[in-house]
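> Let the hints inform the model, and build the full structure from the sequences given.
Protein chains: 6
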Amino acid sequence: MTKVVTLGEIMLRLSTPGHLRFTQAANMGLSFGGSEANVAISLAVFGINAGHVTAFPHHDLGDAAIMHLKKYGVDTTYITRSDDRMGVYFLENGAMQRSSRIIYDRFDSAFAKVNRSMFNWNEILRGVTWFHWSGITPAISQGAADVCLDAVTTAQEMGITVSGDINYRRNLWQYGKSVRDIMPGLIQQTNIVIGGSVDFENCTGVTADSFEEACLEMTRKFPSIRKIVNTKRTSVSSSHNRMKGMLFDGQRVIKSKRYNMTHIVDRVGTGDAFMAGLIYGMLKGFSDEQALAFAMAAGALKHSISEDVNLVTVEEVEALVKEENVGKLLR
Amino acid sequence: MTKVVTLGEIMLRLSTPGHLRFTQAANMGLSFGGSEANVAISLAVFGINAGHVTAFPHHDLGDAAIMHLKKYGVDTTYITRSDDRMGVYFLENGAMQRSSRIIYDRFDSAFAKVNRSMFNWNEILRGVTWFHWSGITPAISQGAADVCLDAVTTAQEMGITVSGDINYRRNLWQYGKSVRDIMPGLIQQTNIVIGGSVDFENCTGVTADSFEEACLEMTRKFPSIRKIVNTKRTSVSSSHNRMKGMLFDGQRVIKSKRYNMTHIVDRVGTGDAFMAGLIYGMLKGFSDEQALAFAMAAGALKHSISEDVNLVTVEEVEALVKEENVGKLLR
Amino acid sequence: MTKVVTLGEIMLRLSTPGHLRFTQAANMGLSFGGSEANVAISLAVFGINAGHVTAFPHHDLGDAAIMHLKKYGVDTTYITRSDDRMGVYFLENGAMQRSSRIIYDRFDSAFAKVNRSMFNWNEILRGVTWFHWSGITPAISQGAADVCLDAVTTAQEMGITVSGDINYRRNLWQYGKSVRDIMPGLIQQTNIVIGGSVDFENCTGVTADSFEEACLEMTRKFPSIRKIVNTKRTSVSSSHNRMKGMLFDGQRVIKSKRYNMTHIVDRVGTGDAFMAGLIYGMLKGFSDEQALAFAMAAGALKHSISEDVNLVTVEEVEALVKEENVGKLLR
Amino acid sequence: MTKVVTLGEIMLRLSTPGHLRFTQAANMGLSFGGSEANVAISLAVFGINAGHVTAFPHHDLGDAAIMHLKKYGVDTTYITRSDDRMGVYFLENGAMQRSSRIIYDRFDSAFAKVNRSMFNWNEILRGVTWFHWSGITPAISQGAADVCLDAVTTAQEMGITVSGDINYRRNLWQYGKSVRDIMPGLIQQTNIVIGGSVDFENCTGVTADSFEEACLEMTRKFPSIRKIVNTKRTSVSSSHNRMKGMLFDGQRVIKSKRYNMTHIVDRVGTGDAFMAGLIYGMLKGFSDEQALAFAMAAGALKHSISEDVNLVTVEEVEALVKEENVGKLLR
Amino acid sequence: MTKVVTLGEIMLRLSTPGHLRFTQAANMGLSFGGSEANVAISLAVFGINAGHVTAFPHHDLGDAAIMHLKKYGVDTTYITRSDDRMGVYFLENGAMQRSSRIIYDRFDSAFAKVNRSMFNWNEILRGVTWFHWSGITPAISQGAADVCLDAVTTAQEMGITVSGDINYRRNLWQYGKSVRDIMPGLIQQTNIVIGGSVDFENCTGVTADSFEEACLEMTRKFPSIRKIVNTKRTSVSSSHNRMKGMLFDGQRVIKSKRYNMTHIVDRVGTGDAFMAGLIYGMLKGFSDEQALAFAMAAGALKHSISEDVNLVTVEEVEALVKEENVGKLLR
Amino acid sequence: MTKVVTLGEIMLRLSTPGHLRFTQAANMGLSFGGSEANVAISLAVFGINAGHVTAFPHHDLGDAAIMHLKKYGVDTTYITRSDDRMGVYFLENGAMQRSSRIIYDRFDSAFAKVNRSMFNWNEILRGVTWFHWSGITPAISQGAADVCLDAVTTAQEMGITVSGDINYRRNLWQYGKSVRDIMPGLIQQTNIVIGGSVDFENCTGVTADSFEEACLEMTRKFPSIRKIVNTKRTSVSSSHNRMKGMLFDGQRVIKSKRYNMTHIVDRVGTGDAFMAGLIYGMLKGFSDEQALAFAMAAGALKHSISEDVNLVTVEEVEALVKEENVGKLLR
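Protein chains in written order, with this note's numbering: chain A, 1 to 331; chain B, 1 to 331; chain C, 1 to 331; chain D, 1 to 331; chain E, 1 to 331; chain F, 1 to 331.
Honestly, the hints are just simulated from the structure, not real lab data.
Keep in mind it's a predicted model, so treat the numbers as computed, not measured.
When chains are identical, the list treats them as one kind, so a pair holds in a single copy or across two.
The list that follows gives simulated cross-link-like pairs (lysine to any residue, SDA-like), each with its CA atoms no further than 20 angstroms apart:
no., residue 1, residue 2
1, 328, 168
2, 70, 47
3, 71, 24
4, 232, 257
5, 328, 18
6, 322, 290
7, 70, 60
8, 71, 27
9, 113, 79
Now the structure itself:
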C-alpha cells in the first residue's frame, strides 16, 4: 500500500472574512495550514495513504490541528506534543489590484523547538514510498533543519523517493545558519525538486541563462535529482492570475498549457496543490506530460477553494485535464 | 385579471456558504426552489397574478415553503398537504473552473405521491390565462405525470395557453415509464415549448440538422405548438457564462443578442427566469423579438441574484433591454 | 503640522450582505459614510492630521459615528450634538449587469438642522492648511448651505486652500433654493474644483465643447480656481468598471492612465478616495502628474475595500502607481 | 369567515446581534415591527383571517415590509404607498441587569403623513368582525389620529367589536394635541380596552385606589367598554421577568396564573402577543378565564421568539395553558 | 488495547441558528448525529479506541459524515456505502417554556437499506471489548434489525460485553414488525441495559410498581442482563432541566446526585453522553457508584455543548464529579 | 482636566463564537484586551481623559489595536512600536457547569521586550492625576518590570495617585525573578491596592486570619497604601456568578451589597470594570461607600457585555446603584 510521508510545521490560519482588511475585521476564519501538510491532505483526499510528521502544543488548539489532519484521513501517529506555542499566520485576502497579505507569527513554536531525538525515522518511514519536505523547515531552526536532514538521509538509505520544494523564504533563516549552509546537503539527497531559477541561485548558487540550463546544471551538481518542476505565475490582479508549469525530465523541459484563473477564491496553498498533483501522477506511473498536466489542473482548481487544502477528487482533476464539465452545474 | 398557474415540486434548497465545498460547510443557506414555482414567483414580482399548485408535508418546513410563496404574492390556495416528506436539494456553488454541484434528495416526497383525485383542475384553472408545466413533473412519479396530463388537458379544453419546459432529467424517470411514453402526450397539448434539439430527440425522437429544422419538424408532429424557445449557454467557467436565446415563431428562428455574464452570483433558476420573462412578454402582447429580448434580459439578471428566484422588477429588465444604467450606482 | 478640515454629513450606512437584494436580507452591515468624512478618514490613514466638522444626534448611534471617526484618528472636537435624527442610507450592492442601489433617508437629520451660530470657523480653522467641502452640503438645507459658505469664506480669508467636490445631487435641493442660487457663491471661494462638464453646467451654467474648454471658461468666471480635476468612469457592469482621471492645471488637461477594475468589492466612496489622494499629493508638493497618478491609484484601490472608507496606506498607493506587487501575495 | 383588521405603523426593526451594544455592532438584524401589525400576524398564524392597514414608502424596503406581512398571510390590500420615508427603530437587546434600549426614528414617516382621504373604511371593514387599534397611532400625527377616529367610528357603526391598546408613549404626541384631547374620543368607541391604571390616568384622567375600581370608573365613563385587560410585569432582569394578567369582565377582575420567564430571547412584542391571544380567545367564544389564560400563555411564549412577531400555533399555546410538554424535546 | 464498537444510523443534522423557529431561519447549522455514533465519538474523545459501523450514500455528504467520525478519531473501516439517500433530522432549539422540536426525514436511507450480507461481524468484532446498540436500529427496517441481531449474537459468542439503549421510538417501527417481535431477542443477548419502566413495558411487557422491582423482573426474564441504568429528567423549561441517574447492580438501585442544568445550550445527545460516560467507567473498572457519577457528570456537561457530540475530556468530567473548577475561568 | 494613565500589555483576543469549544470553531471573534487598557477604556467611556502606555508590533494588527483604543477615546501618544510579535489570548466561553478557558500565547511580545529607555515618564505623566498598573506587567519580563517600577516611582515623585491590581498569575513570572523579588518594591509606591488575602501572601508574605487584619498588616508594612479593595466571587456556574465587594479604608472594611449575575454574557474584564468604577468614584470625590457601590455596579454590568471592555455610561452605572430601570426595555 502506497504511503507518502511529509514533514513540516502546521500553523493556525486566521483569515479576515471576504476581502476585509485587518483593521476592519470583527472576526476571523479559523483553519490550519502548512505547505507540506497541505500536500499530505491533498494526497489523502486523492485516496493515497499519507501521513504527516510535525509537533504541536498540548493544548486544545493542538488537538484541533490534529483533528484537521485526521478529518481528511492523514495519519497523525508520529506527531509530537510539547508545552510550546503554536505558530500562527494571519491572512488578509486581497482583491483586484490590492495584494493579499500574510502576517506570520511562527517563531518559538512547538515545531521550531523539535530536535532529532524526537523522531525515529527508521520507524516512521517503514513501508513508505515517498517522502516530501520543503525549504521552509530547515529555515525555521537548527533543530528543524537537523530533523529534516535525518529524514531525507534515512529515506534515501531506505530507497524512498524524496521530493523537496526548495522555496526560499527570506523572512525565515534567523537562527544563525544561512540558506547555503544547509540547503545543498538536503538537495543532494532529493530526487524530485520543485523550484525555479531564483531558488536555485539562492539555495545553491547555481545560475544559468534559462530554466533548462539551470536544471541541467542542478542535476550535474546534485546527481540524485531526477526531475525538476516549477510553475510560473502572472498576477494580473489578486482576483486574476495565469499559471503554467514546467517539468525538466533530466534532459529537457516539458511545458504545460496555461491556465487562466479569473475570480480567484483563495490563492494560498495552490503550489502545494500542484505538488500533491505531481506526486500523485508520479506514484500512479503517469508519463511526465500526464503528471505535469494533472499537477497543473490540481493547482488551478485549488484557486477556487477556501482555506489551505485542495479538497478536490482525482475525478475532478482528470475532468479538468480533459476539459470536461468545466464550470458546469452538475446535477 | 391575468392569472398564470404553474404546477411542480418545490424543494428545500440547502446551499453551502460562498464557494465552500460540501465537506467544508458548517452551515447551509436555507431557501426553497423548484423550476415552475420559480417561474410563478418571478411573474408575481413582475406584477402578474400568479398561483402555484404543488404538495407539501404538514410539518413546519412545509409551512415555511408556503410562506416563501406567499411572501412574493403567489396564490397558494390549491396546495395540498400530506404526511410525506419534503424533497431537498443540496447545492455547492462552484467557482472558476470548478463546477457547481447539486445532490438531489427528492424521492418519495409529498409531491411524488400526488394523485389525480387531489386536484380539481376545472376549479383551479377558472379565470386563468396561462398554464405552465415542465418535464420534471412527469419524470417524478406516475401520480405526478397523471396530474400534469389532467392539467394540460383541462387547460387546453378551457382555451388556456399552455407552456412546457421539456427539459429531460436523466436521473429521474425511475418509476417504470420512459420519457417517450409520457412526454408526447403532454407536448401535443402544449402551445409554447421551451427546449432544444437534444430535448426534442430525448422526448419525442425528432432529430434534424439544425434547430430551425427541428422546430419545423416538432410543429408538424405536434400542431398545437405555436412557438419554441431555447437558450444556448457557453460555460467559460462557473463564474463566467455567455448566453443567447432563440425563438422559433412557427416559421423561422429569431435570435437574441448574446449576454456576457462574468462574476456570476447564482446560476440556479436562470432558465426559469428566462421562462418567466417570456411568459410576461407574451401576456403583455410584445412582439416575438421584444418578448425574447425581455426574457433574455430577465435570465441574464438572474445570474446576479442569490437563491432560486428572480427578484427583479419589470423596470429593471426593461432597462437592461435598453442597456440603460447597466452596472451603475443608482441613488 | 499639516491639518485638513472637512465639513459634511455622515450617515448610518446599512448594506445588504454580499449581493442580496433589499427584499432578501435578514441582516445589514452597519457602518458610517459621508463623502467629506470619507476624505478626512483616508487622509488620516495616510498620516495627515485631519479633522471633520458635522452634527450628530445625542444617542448611542451618534456616539458610534464619532467612534468611527476617532478609530481612524480623525479629530472630532468640533462636532455638535442635537436631539435630531441621524441620516441613513441603505445600500444594495449590485453584481454583473444589475446596478447597485441606494435608498437615502436623510431629511431632517441633525446635520440638516445645523445653523451658522453652531460653528466658530475662526477657531475651527486655526492652524489649518486645507479645507474641503462638497456640493452635497449646500443641497441639504439653508442652514447647511450657510455653514458651508461661512466655512469657505473664513478659509479664504485665512489663506487656507479650499477644495470643493461640486457634484450635483438631483434628489436633494428641496429646501427652496436652486443649485444655481447657491453654488456660484461657494465656487468663487474655492481653489481646487472636482467636477465635470455636467456639474459645471448644472451648478453654474457654464457649457463648452470639451472638458478643457469648459475648464478654461470656469477659471475665467471663477478666478479663485487654480485646478480642476475629474474622473471618467465606464461601467461595463457593477462588477467591472474602467476609470481614468483628468487634471486641468489652469492651462491644459493632463490625463492619467486608465485603470481596469474587475471584481469590484465596493464602489461607494471611490470618488472620495480619489479626492483624498489628490489632496495628499498636493499637500506633499507632488507635480500635477504625480498628484493625479496618486489620486487615481488611491481611487482604484478603494474599489477593493468594503464600506465607505479607503483603508490603504501611502505605501500601498505608491506601489500601485509604480505597478509593484499588483495582486501578489505579500508575506 | 372571521376577519380581524388592525391599523398602525410598521417600522423597520434593526437590532444588534446577540447582546452587543450599539457601539459594538458591525451588523444589524433586519426585520419589521409595529404593535398592531404584530397582533395581525399572530392572529394569522393562529389561522384567523386578518388584514392590516398602514402606509409604506414606494421603495424596496416598503416592498419588503409588505412581503413580511404577506409571508404570514396577512391581507395587505388596503396599504397605501407614498414617497415619504419609513419609520425605523433600532434595538439593543439587554442582558442581566442591563436594560434593553430602543432608539426610535419614526417622525415624518409615510404613516405619519396619512390623511382620512386615503382610507375608505366602509370598504375596508366590509365583512370584518373585529377592529384593533393602539394608542401609538393617534400619538403620531393629526392625520393618523383622524384616520384612527374614522376607523373606530365606522367600525362601531357597523357593529364591529373594537379593541384598543391605550398605552401612552410619552415621546410621541409632538404634533400639537395632547393625549387627553384625543384619546377619550377613541376610547368611547372601543369595547375591549387594554391598559392599566397609569394609562387610564394619562389618557382620561380617571384615577382610583385599585385596578378594579379604576376599571369600574372607566366603564362608567365610557359605556362602550365591555372588558378591560392588563398585564403586570416584574423585571428581575432583562433575562428574567415575571408576568401575570388581569381581566375586568365588567364587574370584577379575574387574575391569571403568574408566568416565570427566565432566559428571555426577545421581550419586544410580548404585549402584542398577549393581545392577539386575547382576541383569538374572544373570537372563539372562550370564557373570560380561558381567554385570559390563552392570552397569557401566548404572551409568555413570545419571550422565547426572536423579532417582533409571535410565531406560535394555537396548539402550542393550548399545550402551555395545560402545562403539557413544557420545555421538552418533541420528536 | 480496549476497543468499543457501536452500530447505528448517522443523520445529517440541520439546526436553526440560536432559538429561531423553522419558519424564520435563513440558514441552518450543519452537523451529523446519531445516538450510537455519539457514544463512539465521546469514547474516542475520552481516549478509548472506538469504531462505528453504519452505511452512507456515495455522495459528498456521505464523505462529510465519514470525516466527522474521523476528525474525532473513530475508526470508519466497516462503514458501507450505497446509492441511497442520507437520513436527515431538522432541529429547532426551543427556549424557556417553548419546546425544542425535531423533524425526522430518515426513511429509505442507506442505513435503512442495509442487509446482513454487508457486515462480517466475526471480522468487525475481532479484538473488541464492548459492543453497543440502541433500540432505534431494529426500529428502522428489517435489514437493520437483522444486522443488529447478528451483531449482538456474534458479540455474545465472542464474549464481548453488549450494552443496549432500549429506548422506544413510537414514530419508527413502520416496516411490519412490532417492537415486541424484535426487542426481546436482542435484550436477551445484552448485558448492560439502558432504559426505564416505560421502555421495559413497551419492549418486553414487563411492568412493576417501582424501577427496582421492574429491574429485578427484567433480570429474571433476561438472565444475560448484568446492570440496568436510567436517567430521570425534569424539564423546568427548555433552558432549565434537572437530571438524576439510577443504576441497578443486579440487586438494588444506586442513585446519583441530582444535577441542576440552567442555561442549556443543546439538549440533544445528552443521553448518549451519559451512556459513553458509563461505558468509560465500566471499561476502566470503576465501582458502580463511580461509574454512575462519571456518567452523570458527562451527561450534565453535554448540555453545555452545541451539536450532538460530547466534546469533553476525562479530566473535565472528573473535575465535575469532584466539583472542582465548576464554572470558573481557567487560564 | 483629570487624566488617568495606565500601563500594560494589550493582546489580540480570539474567542470562539457562542459557547463553541476550541475544537468546534470555524471562526473566532477578534478583539483586543488587556487588564490595564480595559480600565483606561472604561474610564474614557465614563468621560474621563485617559491614556494608555504599551508596545505594539509595526504590522496591521498593531494598527488595529491602536484603533481599538482610539475608537473609545483613549490617548495613544506614548505607545511604542517594534518588530516583535503581538501577544494573543484564545478564549473559549464556557456555559453551565463547563468552565471558560483561556489559552495564552503572549511570550516574546512587543510589550515583553520593552525596556526603560523607551518611555520618558516625566513627559508621559505631565498633568496626570492617577496612574494605574497591575501585577501582570512585572510578571512578564525584566524590561516590563523595570518600566513599571520607573512609572510608579515617577508618579509618586510627581504626587500622582497610584493604583495597583496586585493579582498573581502563576503561569507568568518565567524570566528568572520571583513575585516576591519584585512586587514589594512596586506596592510600596502604590496608594490604592486591589487584591485579596491570597495575593497579599503571594506577593508579600503577609498572612492574617481575616481580610481586615490582612489589610491592617499590609498598610503597616506598606505605609503608602491608603485603601485596599477586593471582590469576592462565587461561581454557581459559568452562566451564574455572585459577587460582592470590600473596601478597606485604612481602618475597617466596608462591604457592598451582593450582586446576583445570572445569564452571564462575558466574564472577562469584569474585575477591570470594577477597578475603573472605583477610580471613577475616587476621582469624583465619592465617599468610600459610594465609590465601592459604583465600582460594584460597573463590575456587575460588565458581565452583560461581550468582549473585554465595559461599554457602559456613568448614567447606566448610577441607575443600577439606585436599582432604577433594572432589566427594563427603555424606549
